[in-house]
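Residue numbers (this note's numbering), protein chains in the order written: chain A, 7 to 235; chain G, 69 to 398.
Just so you know, these hints were derived from the structure itself, not from any lab. A couple of the hints might just be wrong.
Calculated cross-link-like contacts (lysine-lysine; reagent style DSSO-like; alpha-carbon spacing at most 30 Å) [what the hints assert, rightly or not]:
#: 1; chain 1: A; residue 1: K224; chain 2: A; residue 2: K60
#: 2; chain 1: G; residue 1: K283; chain 2: G; residue 2: K71
#: 3; chain 1: A; residue 1: K187; chain 2: A; residue 2: K224
#: 4; chain 1: A; residue 1: K129; chain 2: G; residue 2: K246
#: 5; chain 1: A; residue 1: K68; chain 2: G; residue 2: K283
#: 6; chain 1: G; residue 1: K213; chain 2: A; residue 2: K68
#: 7; chain 1: A; residue 1: K31; chain 2: A; residue 2: K60
#: 8; chain 1: G; residue 1: K211; chain 2: G; residue 2: K121
#: 9; chain 1: A; residue 1: K68; chain 2: A; residue 2: K31
#: 10; chain 1: A; residue 1: K187; chain 2: A; residue 2: K129
#: 11; chain 1: G; residue 1: K211; chain 2: A; residue 2: K68
#: 12; chain 1: G; residue 1: K121; chain 2: G; residue 2: K213
#: 13; chain 1: G; residue 1: K283; chain 2: G; residue 2: K121
#: 14; chain 1: G; residue 1: K71; chain 2: A; residue 2: K129
#: 15; chain 1: A; residue 1: K219; chain 2: A; residue 2: K187
#: 16; chain 1: A; residue 1: K60; chain 2: A; residue 2: K187
#: 17; chain 1: A; residue 1: K224; chain 2: A; residue 2: K31
#: 18; chain 1: G; residue 1: K211; chain 2: A; residue 2: K60
#: 19; chain 1: G; residue 1: K213; chain 2: A; residue 2: K60
#: 20; chain 1: A; residue 1: K224; chain 2: A; residue 2: K129
#: 21; chain 1: A; residue 1: K68; chain 2: A; residue 2: K224
Treat the numbers as computed from the prediction; the structure is a model and nothing was measured.
What follows is the residue order along each chain.
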Amino acid sequence: MIRIDSLTLAYNERTILDRASLHLKAGELCALVGRNGAGKSTLIRAITSSDGIKLCGEPLAKLSAERLAQSVAIVTTETIRVANLRVRDVVAMGRAPYTNWVGHLQEIDRQIVDEALDMVGMKEFAERDTTTLSDGELQRAMIARAIAQQTPIIVLDEPCAYLDIPTRFEVCRLLADLAHKEGKCILFSTHDIDSALPVCDSFAIIENHTLLKVDAAKASIEIERLFRR
Amino acid sequence: MRKHSAIIILALALLTAILFVVDIAVGTVNIPLSELLGSLLGEENGATDIVVKIRLPRTIVALLAGVALSVSGLQMQVLFRNPLAGPYVLGVSAGASLGVALFLLGAPLLGITATTFTSLGTAGAAWIGAAMVLVIVVALAHKVKDIMVILILGIMLSSAVGSIVEIMQYFSNEASLKSYVVWTMGSLGDVTMSQLAIVAPIITIGVILSVAAIKPMNMLLFGERYATSMGLNTHRTRILILTSTTLLAGTITAFCGPIGFVGIAAPHIARMMMRSADHCVLLPTTIFVGSIMMLASDIVAKTLTLPINTITALLGIPVVIYIVSRNRTL
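Working from the sequences, and respecting the hints, build out all of it.
This is the structure in structure tokens:
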């Protein structure tokens with residue numbers, strides 16, 4: 007699904023990632039961990055913009071903007087609070103790659119939006135204004151939007167940031183369900199190993215400009231080896 | 069579109085039509101309603117000359133100005149994700165005023181009187197000034213990644229141009245200074261029918277471009293990164309919106325002078341009325357709210373014989389204060 011081969015990312019003169027490789031398959035949930043400034047967000051960003059990456063077997067450079075939007079959905083750390091924008095509107099925006107030039111929703115689109123809302127447990131919040139939501143509720147709405155985009159791949163940049171402990175576990179469980187039941191390939195960056203460990207299939211660890219992928223079973227030992235001083 | 073949105077838009081359209089007729093009826097010469105409607109419907113009577121040649125063009129200009137300024141305000145607020153953005157944030161009015169200042173103040177200073185430059189007229193000079201700003205901004209929009217940089221550049225450009233204009237004002241004689249100051253106060257009455265034949269099609273093109281930007285604007289509510297991830301070509305959208313705004317705001321400013329606050333206030337009134345963030349609904353509502361504001365301002369301006377800009381400011385500023393005090397997001 008996501009195939010990164012020998013990718014080097016640099017910011018000005020500074021190398022962030024050196025010849026990184028990462029292969030993720032359908033139905034796999036992978037947590038991306040590393041220090042602040044290690045390049046997690048840069049890697050997440052590269053997945054939708056760097057030419058050396060292959061998504062669903064196709065090189066990214068060959069994908070049209072529309073095909074790319076139908077292949078990868080993103081969730082960023084940016085909070086979207088717009089007056090009069092309801093949760094339903096947020097999720098419906100996920101249908102943008104499929105709707106016509108004014109963004110008209112068909113019956114099937116509405117059904118997909120309802121299902122996505124249901125999946126993240128936000129059905130009762132559908133008519134709520136985004137300015138009235140808590141961080142956790144907003145994050146779930148943004149994940150529902152990514153679900154409604156119906157892409158085989160979802161990448162999330164710190165979806166658990168700003169969330170309280172129970173909500174972190176909840177979001178991780180939701181991501182696990184999406185990967186394991188819906189067969190989506192999901193990569194998310196996090197600093198919260200505790201909520202990621204029980205649900206993830208693998209961990210991608212960035213340390214010293216290198217990217218290392220380990221199975222969840224070995225993740226805790228490997229993380230401790232790399233980061234404990 | 070939901071039913072209640074459709075009803076509000078219909079009511080606004082009706083109010084626009086009523087104010088359109090009232091605006092024609094108001095003026096220094098009292099014209100009976102029957103004669104007024106008669107001459108509007110093509111009948112020849114004593115009022116035909118005043119109604120068709122003077123009042124109708126002015127009212128059409130008021131309507132077009134309302135449409136143009138409010139639509140460009142809406143587009144700027146969405147593009148820059150800033151509730152206080154308006155049609156002039158890019159420096160469109162600054163560019164236009166530089167053109168006019170060069171024409172009214174600079175040319176006499178340099179002793180230029182009857183050349184090709186002076187035959188441009190105030191409007192031509194203003195349009196060239198505004199268009200030059202567009203060229204600079206669009207060229208930057210291609211290169212700059214962060215849209216906020218464009219906003220800051222627009223504001224800086226405006227201030228720099230403002231200083232240049234002030235220098236010219238400082239050295240100008242009283243007569244040219246007065247004509248410049250009068251231009252900055254705005255006027256709807258100076259546009260002739262033949263000029264209207266240029267203004268109306270340009271505004272129409274600007275509005276058509278903004279209709280094409282409905283879905284992109286909805287996507288931009290999420291910011292450029294999300295919008296791109298959902299398949300939007302943000303570069304093309306920037307150019308589309310910037311072009312539309314300059315055609316709309318640039319043209320109106322060229323012919324009527326800078327008219328403030330309608331562009332900032334109308335989109336917010338539309339959002340408050342509709343309680344929606346969908347531009348399918350907000351665009352037509354904004355168009356009608358802008359038209360109503362301009363027509364109403366023109367009626368007041370004509371009744372009190374005041375410059376239009378003073379009225380739109382007094383009408384628009386309370387809305388802007390309300391927005392700031394409520395700290396509204398878009």
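Under the criterion that the straight-line Cα-Cα distance not exceed 30 Å, is the pair K31/A, K60/A satisfied?
holds, 12 Å
Run the distance test for K211/G versus K60/A: straight-line Cα separation, threshold 30 Å.
holds, 27 Å
If you draw a straight line from the CA of K60/A to the CA of K187/A, is it 30 Å or shorter?
Judged against 30 Å, a Cα distance of about 24 Å means the pair holds.
Would the hint linking K121/G and K213/G be met if the CA-CA limit is 30 Å?
violated, 49 Å
Holds or violated: K224/A with K129/A, Cα cutoff 30 Å?
The hint is violated at about 38 Å.
Would the hint linking K211/G and K121/G be met if the CA-CA limit is 30 Å?
violated, 47 Å
K71/G paired with K129/A [C-alpha distance capped at 30 Å]:
holds, 23 Å
Does the alpha-carbon distance linking K283/G and K71/G stay inside the 30 Å limit?
Holds - the C-alpha atoms of K71/G and K283/G are around 21 Å apart, at most 30 Å.
Pair hint K129/A and K246/G, alpha-carbon separation not exceeding 30 Å:
violated, 63 Å
Hinted pair, alpha-carbon criterion (30 Å max): K68/A, K224/A. Please report holds or violated.
Violated. K68/A to K224/A sits at ~36 Å, over the 30 Å cutoff.
Within 30 Å, alpha carbon to alpha carbon, are K213/G and K68/A?
At roughly 22 Å apart (the allowed maximum being 30 Å), K68/A and K213/G satisfy the hint.
For the pair supplied as a hint, K224/A and K60/A, is the alpha-carbon distance within the 30 Å limit?
holds, 27 Å
Checked against the numbered hints listed earlier, the structure breaks hints 4, 8, 12, 13, 20 and 21; every other hint is satisfied.
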